[in-house]
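J.: Numbers given in this note's numbering equal positions in the sequence shown, counted from 1, plus 1.
Honestly, the hints are just simulated from the structure, not real lab data. Fair warning: this is a prediction, and the values are worked out from it, not measured in the lab. Hints are not guaranteed to be accurate.
[Claimed, not checked] Once the Cα atoms are required to be at most 30 angstroms apart in a straight line, the calculated BS3-like pairs of lysine-lysine come out as:
#, residue 1, residue 2
1, K55, K30
2, K36, K13
3, K21, K55
[As the list claims (entries may be wrong)] Have a look at the derived ranges for each label pair, beta carbon to beta carbon:
#, residue 1, residue 2, range
4, I4, T25, 25 to 35 angstroms
5, G47, G23, 14 to 24 angstroms
6, N34, L54, 16 to 26 angstroms
7, H32, T6, 11 to 21 angstroms
8, K36, R14, 11 to 21 angstroms
9, K44, G23, 16 to 26 angstroms
10, K21, S51, 14 to 24 angstroms
Quick reminder that beta carbons are idealized off the backbone N, C-alpha and C, glycines included.
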Amino acid sequence: MSIITEEMRYRKRMCEYALKNGVTRAARKYHTNRKFVYRQLEKYDGTIRSLALKS
Numbered sequence: 002m003s004i005i006t007e008e009m010r011y012r013k014r015m016c017e018y019a020l021k022n023g024v025t026r027a028a029r030k031y032h033t034n035r036k037f038v039y040r041q042l043e044k045y046d047g048t049i050r051s052l053a054l055k056s
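The task is simple: from the sequences and hints, build the whole structure.
T.: Given below as structure tokens:
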């Protein structure tokens, strides 16, 4: 996959914010729930490609 979507950039920013400030703050700032943040952090390996949708 060579295209980096806006959604992938958004998720990368959210993951980086969560790593610095905590999951609860990230969930509030990005208007989502903590479970979603935790799921994205599990997938996130430091690269934006890891946050691509698999399907």
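J.: Each of the hints needs a verdict: does it hold here or not?
T.: Going down the list of hints, with the structure as the test:
1. K55 x K30: 25 angstroms, holds
2. K36 x K13: 16 angstroms, holds
3. K21 x K55: Satisfied, since the Cα-Cα distance of roughly 26 angstroms is no more than 30 angstroms.
4. I4 x T25: 25 to 35 angstroms: This hint holds: roughly 32 angstroms between Cβ atoms.
5. G47 x G23: 14 to 24 angstroms: Check passed, 19 angstroms falls within 14 to 24 angstroms.
6. N34 x L54: 16 to 26 angstroms: The hint (16 to 26 angstroms, Cβ to Cβ) holds, given that N34 and L54 are roughly 18 angstroms apart.
7. H32 x T6: 11 to 21 angstroms: Holds, since H32 and T6 (Cβ atoms, about 19 angstroms apart) stay within the stated range.
8. K36 x R14: 11 to 21 angstroms: 18 angstroms, holds
9. K44 x G23: 16 to 26 angstroms: 18 angstroms, holds
10. K21 x S51: 14 to 24 angstroms: 18 angstroms, holds
Going through the hint list in order, the structure satisfies each hint without exception.
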